[in-house]
Amino acid sequence: MLTTETILFFSFGYIGLLFAIAYIGDRHAQIGQSLVSNPYIYALSLAVYCTAWTFYGSVGRAATSGTGFLPTYIGPTLVATLGWFVLRKIIRISKVHRITSIADFIASRFGKSTTLGSVVTIIAVLGIIPYISLQLKAISISYLVIKDYPLIHVPRHFAEIPVFHDTAFYIALILTVFTILFGTRSLEATERHEGLVAAIAFESIVKLIAFLAVGIFVTYGLYNGFGDIFNRARAVPELQRLFTLDIRTGSYADWYIHIFLSMMAVMFLPRQFQIKAIWLFPLYLLAINIFVLPIAFGGVLQFGTGSIEADTFVLTLPMANHKESLALLVFIGGMSAATGMVIVATIALSTMICNDLVMPVLLRMPSLRMAQRADLSDILLAIRRGSNVLVMMLGYAYFHFVGEYYTLVSIGLISFAAVAQFAPAILGGIFWKRATKTGALSGLIAGFLLWVYTLVLPSLVQAGFMDPGFVTRGPFGVAWLKPFALFGLKDFDHIAHAVFWSLLFNTFLFIGVSLYSRPSAIEHSQATLFVEAYRYAGETDGSSFWRGTASVGDLRSLLVRFLGKERTEEELAAYALRHIGGRQRYKWEDDLEADAGLVNYVEKLLAGTIGSASARVVVSKTVKEEPLGIEEVMDILDETRQVIAYSRELEKASADLRAANERLKELDRLKDEFISTVTHELRTPLTSVRSIAEILHANPGIEYRQHKEFTTIIVKESERLTRLINQVLNFQKIETGRMAWQISDVDLKGVVHDALSSTNSLVQEKRIRVEQDIPELVPTVPGDRDRLIQVMVNLISNAVKFCADEDGRIEIRVTTTPDHVQVSVKDNGIGISRNDREIIFQEFRQIKHTLKGRPPGSGLGLTITRRIIDFHGGRIWVESEPGQGSSFFFTLPQGNRPVNLAEKQSTVPSG
Amino acid sequence: MTPELMISRRLFALFLFGCLLFNYPILSLFNLELFLFGIPLLYLYMFAAWTVLIVMIVFVMRPRAKKRFTAGRHRKSAEF
Numbered sequence: 001m002l003t004t005e006t007i008l009f010f011s012f013g014y015i016g017l018l019f020a021i022a023y024i025g026d027r028h029a030q031i032g033q034s035l036v037s038n039p040y041i042y043a044l045s046l047a048v049y050c051t052a053w054t055f056y057g058s059v060g061r062a063a064t065s066g067t068g069f070l071p072t073y074i075g076p077t078l079v080a081t082l083g084w085f086v087l088r089k090i091i092r093i094s095k096v097h098r099i100t101s102i103a104d105f106i107a108s109r110f111g112k113s114t115t116l117g118s119v120v121t122i123i124a125v126l127g128i129i130p131y132i133s134l135q136l137k138a139i140s141i142s143y144l145v146i147k148d149y150p151l152i153h154v155p156r157h158f159a160e161i162p163v164f165h166d167t168a169f170y171i172a173l174i175l176t177v178f179t180i181l182f183g184t185r186s187l188e189a190t191e192r193h194e195g196l197v198a199a200i201a202f203e204s205i206v207k208l209i210a211f212l213a214v215g216i217f218v219t220y221g222l223y224n225g226f227g228d229i230f231n232r233a234r235a236v237p238e239l240q241r242l243f244t245l246d247i248r249t250g251s252y253a254d255w256y257i258h259i260f261l262s263m264m265a266v267m268f269l270p271r272q273f274q275i276k277a278i279w280l281f282p283l284y285l286l287a288i289n290i291f292v293l294p295i296a297f298g299g300v301l302q303f304g305t306g307s308i309e310a311d312t313f314v315l316t317l318p319m320a321n322h323k324e325s326l327a328l329l330v331f332i333g334g335m336s337a338a339t340g341m342v343i344v345a346t347i348a349l350s351t352m353i354c355n356d357l358v359m360p361v362l363l364r365m366p367s368l369r370m371a372q373r374a375d376l377s378d379i380l381l382a383i384r385r386g387s388n389v390l391v392m393m394l395g396y397a398y399f400h401f402v403g404e405y406y407t408l409v410s411i412g413l414i415s416f417a418a419v420a421q422f423a424p425a426i427l428g429g430i431f432w433k434r435a436t437k438t439g440a441l442s443g444l445i446a447g448f449l450l451w452v453y454t455l456v457l458p459s460l461v462q463a464g465f466m467d468p469g470f471v472t473r474g475p476f477g478v479a480w481l482k483p484f485a486l487f488g489l490k491d492f493d494h495i496a497h498a499v500f501w502s503l504l505f506n507t508f509l510f511i512g513v514s515l516y517s518r519p520s521a522i523e524h525s526q527a528t529l530f531v532e533a534y535r536y537a538g539e540t541d542g543s544s545f546w547r548g549t550a551s552v553g554d555l556r557s558l559l560v561r562f563l564g565k566e567r568t569e570e571e572l573a574a575y576a577l578r579h580i581g582g583r584q585r586y587k588w589e590d591d592l593e594a595d596a597g598l599v600n601y602v603e604k605l606l607a608g609t610i611g612s613a614s615a616r617v618v619v620s621k622t623v624k625e626e627p628l629g630i631e632e633v634m635d636i637l638d639e640t641r642q643v644i645a646y647s648r649e650l651e652k653a654s655a656d657l658r659a660a661n662e663r664l665k666e667l668d669r670l671k672d673e674f675i676s677t678v679t680h681e682l683r684t685p686l687t688s689v690r691s692i693a694e695i696l697h698a699n700p701g702i703e704y705r706q707h708k709e710f711t712t713i714i715v716k717e718s719e720r721l722t723r724l725i726n727q728v729l730n731f732q733k734i735e736t737g738r739m740a741w742q743i744s745d746v747d748l749k750g751v752v753h754d755a756l757s758s759t760n761s762l763v764q765e766k767r768i769r770v771e772q773d774i775p776e777l778v779p780t781v782p783g784d785r786d787r788l789i790q791v792m793v794n795l796i797s798n799a800v801k802f803c804a805d806e807d808g809r810i811e812i813r814v815t816t817t818p819d820h821v822q823v824s825v826k827d828n829g830i831g832i833s834r835n836d837r838e839i840i841f842q843e844f845r846q847i848k849h850t851l852k853g854r855p856p857g858s859g860l861g862l863t864i865t866r867r868i869i870d871f872h873g874g875r876i877w878v879e880s881e882p883g884q885g886s887s888f889f890f891t892l893p894q895g896n897r898p899v900n901l902a903e904k905q906s907t908v909p910s911g
Numbered sequence: 912m913t914p915e916l917m918i919s920r921r922l923f924a925l926f927l928f929g930c931l932l933f934n935y936p937i938l939s940l941f942n943l944e945l946f947l948f949g950i951p952l953l954y955l956y957m958f959a960a961w962t963v964l965i966v967m968i969v970f971v972m973r974p975r976a977k978k979r980f981t982a983g984r985h986r987k988s989a990e991f
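Just so you know, the sequences run in chain order U and W.
Our numbering numbers the first residue of the first sequence as 1 and each following residue consecutively.
Our numbering numbers the first residue of the second sequence as 912 and each following residue consecutively.
Isolated chain U, as found in the complex (with noise of 0.2 Å):
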C-alpha cells in the first residue's frame, strides 16, 4: 500500500486541502465572516511553534538527553504567564504603529533607523535559515525514509544527491508557491493573513493528532502502558542514565539557559501575536509532548542505539511494526508540522528584507527617482516574492551543505540562539526610555558576531568548509578562544555556551553604550511613545512630529503610488471622520494644507506597507520637511520653560497680593484704631463740656467766679473739639484732593506769629518757654497762608504735647537759603527713636511711648502737616535722638522761583 504514487498522491492531496482553507478563509476575511476571530483557531496557530523539530526531533533529543527537550516546551508556558506584561504591550505598540516585523520595530523604537533597521534583518535572515533548513532536512528525510517501505532505512549524505533530484528542493519550491498565493499577495503587511491562519491552525490539528496516535500506538500497541517501557528501558544502561538529569557543575544552568531561550524565541519568532486563550497554547504544548519520552525509549528498545537515527523514530516505529496508514498519518503531521514554520518565516523575513534591506536603500538611490514614480506597488511585490525564492533557497542551500551533520533539534537551538539576540533591543526598548540607538546597534551587532563564532562557525567546520582544528585547538592554537570553550568556559553545553556569552556581550554592551551615547530628537520621541504607550495610545496621531506643512495633493499622491487610489480616499475619508468630524464625507482639496497630524497618519499608513524607516524615508523626500530639529525640541523644552517662568510670575503676583492685603488689613486695623482714638477725642470733651454744663445747671446760684471758670472750660474744649473736627474734616480733603487752596505770597514771620498766639493758651498751660530765631527780613513764599498757619500750629502743639514736664522750652528758627526758607520747631522732649521718624508722618500713626502709653490728638496732625508741605513743593523731616528732644524742618520754595501750583493742585494725588 505505501507505494511512492500514494505518498505522493496523499502529500499532494493535504498540500491542496492546505490550499483550498487557505482560500475559503481568506473568502471568509473578505465577507467579514473571520474565521480567525475564534480564540481556539488562534490559539491552534500559534501552535505553529511546534515544528518538524517537536514532531520528530524532542523524541531524538529524548533518545539521547532523557529531559532535554523540555525547555523548549516549558519556556513558552512561561511566557504565557508573562505576556500579559511583555507582548501585550509590544502588541500595543505594534498596533499603534503599524509595526510589521521585529525589525521593524526595533527600527521604529530607536529612531526609524533604517540601519538599525537593515542590521536586524540580517540578524533575522542569517539566524532563522537554520530553521527553516531544519523544516526541510525534516520533510526530506522523511519522505527518503517512507519511500523505501517496508525497507527501514535512514539515507546519510544529502550533499551527495544532485539538487534536481532532491525532494527537499521541490518540496523548497511548492512552498514558495504558497507562500506567495497566500502570504505576498496583498501589500498591507499590518492586514491579517486570515488565510493563511486558518491554514495553519488546521495543520496545528494534523500534527497533534498525528502524534498521539504514534504515542498511543507505541505506548499502549507495542508496549503496555507507561510503565513497562519504564520498566523495561531500566535494564538499558543508556537509557536507564536519562531518568536523571546529569550531575555536573553546569547540568542546572544549561537546564534554564535553555529555557529562557526558548521563552525569547517564542516571543520574537516571527509570527503574529494576538493574546486570547493562552492557556491553550501551553495545554497543546503539554500533550505533544506527552507521548515524546515512551517513543524515544519504545524506539530504542526496538531498534537499539545507533542503527536508526532517533530523529526518525516517529516514523520508523510504525513503519517496523508494518502500520502503513498510521505511517503514512505520520509523514503527513511531519509535513504539517514543518511546513507552517517554514511558511509563516518566510513571509516574515521576505517583508523585513523587503521594507527593511531593501526599500531604503532603493529609495535612497537617487538615479533610480523611486520617490517620484507613479506606481510603486508592483515593484513592491516584486521584491517581496524575490525576498520569499531567496529566503527559501538559502534555507535549502544550509540545508544541502550543512544540515545532515545535526539532529533536528541541534539546529533549531541555532536559529533560537541567533533570535534571543533581540531580547535586549526589544525588551529594553520598550521599558527603559535612555536606551539609544547607538546601544541597540552595538549590543545587536556584538551579540550576533559572537553567535556567528561560537556556533556557526563550528557548524562550518562540521561541514568541512574550515579546518577542525578551529574547534579543537582553538584557531591559531589559542586555547582560550575555542568556540565551543570561549574564554575557558567548559561547564555548559554549546547552544547555553554560545547564549550565555553572546547575550551577555550584547546586554553588557547595549546597556553601556547607551549610558554613554546621546539619544537624538527622534529617537526621544520615540522612546517616549513605546516606553509609556498605554498613555500615549490615543494621542500618536497628532504627535507632532513633521514640523511644517505639506500639501493634501502632495500626500495623497503619495499614498496612491504605495495603496492605490481606492484605499487612499478611504483612509483619508477614515481620517476625516475621526479628526474632523461631523461632516460624512469630508473633501481633501488638493491644495489644502495638512497638518502635522496629517503627514503623521499618512507616516503610518505607509509604515503598515514598507515599513517604518521607509515610510520616513519616503514622506521626508515627498513632504520636504525637516523632521523635528534639536531647535525645535528646545522650543519646546522653552515653552514648558515659559510655562514654569509665568507660574513663578503668578506666585510672585499672588506673594505680592498677599503682601497687599497684609497691608490692606493693617490699614484697616489703623483705621479702626484712629476711629477709636477720634471717638475717644472727641467724647472727652464733650464729656466734659457736659458734666460742666450739669453742674451750672444744677446750682443756679453758683458763685460767680467759679461760673466763670466753669464756662471757660466749656469754650476751651469746645475749641479743641472744633479743633479736632476740622482737622479730620481737613485731612478728608486733602486725600480727596478737594481742598480749597488759596494761593498768595505768604509773609512767614506773620505766620509764625498767628500760629504762636492761637497756641499761647497751650503754651501758657504748660509753663513753656518759646524761643524765636527769625530775621528781620524772610523772603515771602507763595502758599496758602491759612494751611501755613495750620502747619506752625501743628508743630509747636506738637511740640507742646512731647516736651519735658519741667523747665520746657521750643525754639522756632527761620533761616533762608538762595532757593529755599526753612522753618525748624525744636523741643526738649522725649525725643523719637530712629524707626519712628518715618513713620510719624503716615495717616493714624501715632507713637506708643513705652510709659506715657498713646499721646492725645487725632495722630493726623503731622499728616495733614505733610501733605500740605507736599503740596507747596516742600520738604519736612524730623531730627532727633531718644532723650534729647527733636527738631522738626520744613523748607518752602522761595517766590522768586515760581512754582506752578495751579497745575500742582489739579494733580494732587487723591489719596
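Don't take every hint at face value.
So, partial list: chain W residues that the calculated Cβ filter (under 7 Å) puts toward chain U [unchecked claim]:
| # | residue |
| --- | --- |
| 1 | Gly-929 |
| 2 | Asn-934 |
| 3 | Phe-941 |
| 4 | Asn-942 |
| 5 | Glu-944 |
| 6 | Gly-949 |
| 7 | Val-963 |
| 8 | Leu-964 |
| 9 | Phe-970 |
Here are some of the chain U residues that sit facing chain W, going by a computed Cβ distance under 10 Å [to be verified]:
| # | residue |
| --- | --- |
| 10 | Ile-74 |
| 11 | Ile-229 |
| 12 | Val-236 |
| 13 | Ala-253 |
| 14 | Arg-364 |
Worth flagging that the hints you see were computed from the coordinates, not collected in a lab.
Glycine is no exception: its CB is placed at the ideal position from the N, C-alpha and C atoms.
Starting from the known structure of chain U, fit chain W onto it as the hints suggest.
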C-alpha cells in the same frame, strides 16, 4: 485596581512560581532515581508541575474571575 491589572499581577506571580518550580534547587529534590507508578520521579514531577501551572493559568484567566471581581467592587461601593 482594574480587573486587567489584577489578572496581570496574578499572572506575574504565577510566572515567578513557574520559575521556581522548574529550576534548581526545587528541581534537584526530584532528580532521584525513584519510580512512582512505574514512572521515573523526575518525569512525573515535570509533567505534574507543568499541568499545575496550566491549571492555575486557566484559573486566573477564567471569565468568572473578572466578573466576580467587578461584582465585588459594586457590592462594596454600595455598602459605603
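Each hint, compared with the structure:
{"no.": "1", "hint": "Gly-929", "in the structure": "holds, 5 Å"}
{"no.": "2", "hint": "Asn-934", "in the structure": "holds, 5 Å"}
{"no.": "3", "hint": "Phe-941", "in the structure": "violated, 9 Å"}
{"no.": "4", "hint": "Asn-942", "in the structure": "holds, 5 Å"}
{"no.": "5", "hint": "Glu-944", "in the structure": "holds, 6 Å"}
{"no.": "6", "hint": "Gly-949", "in the structure": "holds, 2 Å"}
{"no.": "7", "hint": "Val-963", "in the structure": "violated, 11 Å"}
{"no.": "8", "hint": "Leu-964", "in the structure": "holds, 6 Å"}
{"no.": "9", "hint": "Phe-970", "in the structure": "violated, 9 Å"}
{"no.": "10", "hint": "Ile-74", "in the structure": "holds, 5 Å"}
{"no.": "11", "hint": "Ile-229", "in the structure": "holds, 9 Å"}
{"no.": "12", "hint": "Val-236", "in the structure": "violated, 14 Å"}
{"no.": "13", "hint": "Ala-253", "in the structure": "holds, 8 Å"}
{"no.": "14", "hint": "Arg-364", "in the structure": "violated, 43 Å"}
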